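Chemist: Build the full structure now, drawing on both the sequences and the hints.
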Amino acid sequence: MTDLPIPTTRAPIRSWRHDTARNGRTLTTAFGLGLSAAAGLSMPAVAQDTTGATEIDAILVEGQDGEAPLNVESSADSRFTAPLLDTPKTVTVLPAELLEERGITTLEEVFRTTPGISMNSGEGGTPNADRPIIRGFSAENSVLVDGMRDPGAQSRGTFNLEQVEIVKGADSAFSGRGGAGGSINLVSKTAKDYEFTRGSLTYGTDQTAGATLDSNFVLSDTIAARINLMKQSGGIAGRDDVEESSFGGAATISFGMNTPFRSTLSYSHYEEDNTPDYGIPWIAGTGDLADVDYDNFYGLSDRDFQESSNDSATMRFEYDLNPTLMISNTTRFTKSSLEYIATNPDDSAGNVANGYVWRSVKSRGSETESWYNLTELTGTATTGRLRHSFALGVEISKEESTNAGYSVDTDADPLDPNNSRNCTAALVGAASNYNCTSLFNPNPGDPWSGSVARSTSATTGSAETLSIFAFDTIEFNEKWQANFGLRYDNFHVERETAGGRGGPYSGESDSEFFTYQLGAVYKPRPNGSIYLSFATAAEPAGLSNGEGGDNLSTAVEDLDPVRTTSLELGTKWDLYNGNLSLNAAIFENKTSNARVSDNGVTKNLGENRVRGFELGLAGNINDRWTVFGGYTYLDAVIIDDGDGSNAGNEFPNTPKHSFNVWSTYEATPQLTLGGGATYRSSQFGDSANTREFDGFWRLDAMAQYQFNDKASLRLFINNLTDNRYIEKSYSTHYATVAAGRSINLTANFEF
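Residue 375 in my numbering sits at position 375 of the sequence shown; the count goes up by one each step and never skips.
These are computed hints drawn from the structure, not numbers from a lab. Just so we're clear, the structure is a prediction, and the values are computed from it rather than from any experiment. Wrong hints could be hidden among the right ones.
The list that follows gives simulated cross-link-like pairs (lysine-lysine, DSS-like), each with its CA atoms no further than 25 Å apart [what the hints assert, rightly or not]:
(1) K398 / K231
(2) K192 / K710
(3) K603 / K590
(4) K231 / K656
(5) K231 / K192
(6) K398 / K335
(7) K656 / K590
Modeler: The following block contains the structure:
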């Protein structure tokens, strides 16, 4: 057997997120097999060019070339002070190569195809935006960009991402407040020291059309710039009158490349203009979904809209104090907005049983501005026989949010305005100003003529945070390592609202909390590790600062942060000369002081628990065959919810079983074939477990023809069998229908 040792030598720190290699393309830790089999397996080597070594902060890793496009060896964040092989927690990394191969353009599509992650829906007060759930716990407030929090209710694109890093398990030591089930770090594209221009043109079913352009310019020996653009629009397969449109642009310039002092300036803009789709209704009182055609759309095309935008500007400086020590400072300003008027086919009035739907109106008009400043000291050191790889840092931030929705005058029943939600045959159509519609044959083009005005009642919020953190990986010898992480957060939040369901409110809350992570790593062979880790998370009152489901109120402002612990035992192996990564882990996440209602008073008395295991794989089986996938089992149970009504129930929107695999095979030097399968078992849409929707299988296919090294055609068939299924639910109100089959053809070019 030929072993590939994992390098432990630390290299001089030269640049922030260096490219792996000019053709380097990479991916994740994933599928685990038995320890003895993995340790003793004899496998043929896959040809590998290691001349393009990659330095990510203080860690030297060997860059995989095009032979292993789906295997990433290190995180792009310096707080990961060891290669992923020796990091004592589950981390899934999806590089741009995989996103392009699968035709993924939004972060929500990433969630759909990653085991262990599910999705939640929004409404009005709880925003209809990216709402991922990791291992049963909400992660909507645990999304980072280049290691810094990305606040604000928004939908995110992937056009400017080098890779997506998903950390699983309690993670506040890394991501700050939140992170009970994990966090998501989006790694932005940066300028490279070589020139290229790449682009694509896409056309497909449902009037889908799109274009991308990514150009890098070398301006001098030490200066380079990069411009990245995208535009896409089209309908949603199988959803009547539902359309999406997005545009993105990013620019970055780096100075002092490959010198001791470096600086980078970046700007990014992303916007969407979509039709909000709230799916189909749950039937009041029965717990069943309405038995209707999954093409049905209950919204109003001429009234409903959803517009979101995000702008960010970043300035980063790095200085090498010596060959093994670097100091850096990053400042980022962001501004995001989310506005929509949406139709919720809610059945609160019991219309569905009679064959009608009331078009309930939900709206939002939020804006968030934030600035962050992060200073880090990263490097390596030796104390006696111990080798340290460490990261120390201080982060300060301020976030301000405003939400003023829309006042929508439905003028639904002029004869009986107090009873207008109760639909009858006589009220379907013009008699109710089209707010009552048919359950079985809704018309999105109905000529609704009510009035819409911006609400004069706004909710405002602000949050200030001071954080101090330290991470250290200690190498005792060739067999043993330890990982430590400690973080202190001082969090101050204020909120003021003139009205709403809870009435007027003005208050503030201060929280101080420590979170940490501990891990022990045993390396039976250089290409494998076995680890045991323990980590914590903290969710203070007002966690979301008005941009999620956890807002400040009288009931929670004086409560302690909710604490979650995570215990994980796992193993990771790099096989086939490091071209294929496998991993397995068993884990438990537990919350012992969740906020619950006790005789009408909110207290820290609740208890929730998630137990499960995860398998994953990523990389090359041979020089023609690539694979990425995994399986996650989650036993997520509400142990104590205060009044006992939901004790013993499963977490909402958390399937027990989730599986995904994607694989490509190079049939000839010109033709590559690929396919994927996704499975989710049945799940509940609410904590009471009264709304259950079925599990599903989804199959995808891809074929690519490479004309030469500059041009190719790629055919995507998503949802190959046109399976119609529910992918997420919002409490007891509605369930979101997944897209049907779509076919897209993309022409890729490079020069």
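Chemist: A separate judgement is required for each hint: does it hold in the structure or not?
Modeler: Checked hints:
1. Straight-line distance between C-alpha atoms of K398 and K231 comes to about 32 Å, which puts the hinted pair past the 25 Å bound.
2. Between K192 and K710 the CA atoms are separated by roughly 19 Å; this keeps the pair inside 25 Å, and the hint holds.
3. Under the criterion of a C-alpha separation no larger than 25 Å, the hint pairing K603 with K590 is consistent with the structure, at around 17 Å.
4. A threshold of 25 Å between alpha carbons decides the hint, and for K231 with K656 the separation of about 37 Å lies outside it, so the pair is violated.
5. As the CA atoms of K231 and K192 are separated by approximately 23 Å, the hinted pair is consistent with the 25 Å bound.
6. For the hint pairing K398 with K335, the CA-to-CA distance comes to about 12 Å; that is within 25 Å, so the pair holds.
7. Of the pairs offered as hints, the one joining K656 and K590 holds, with about 17 Å between alpha carbons and a cut-off of 25 Å not exceeded.
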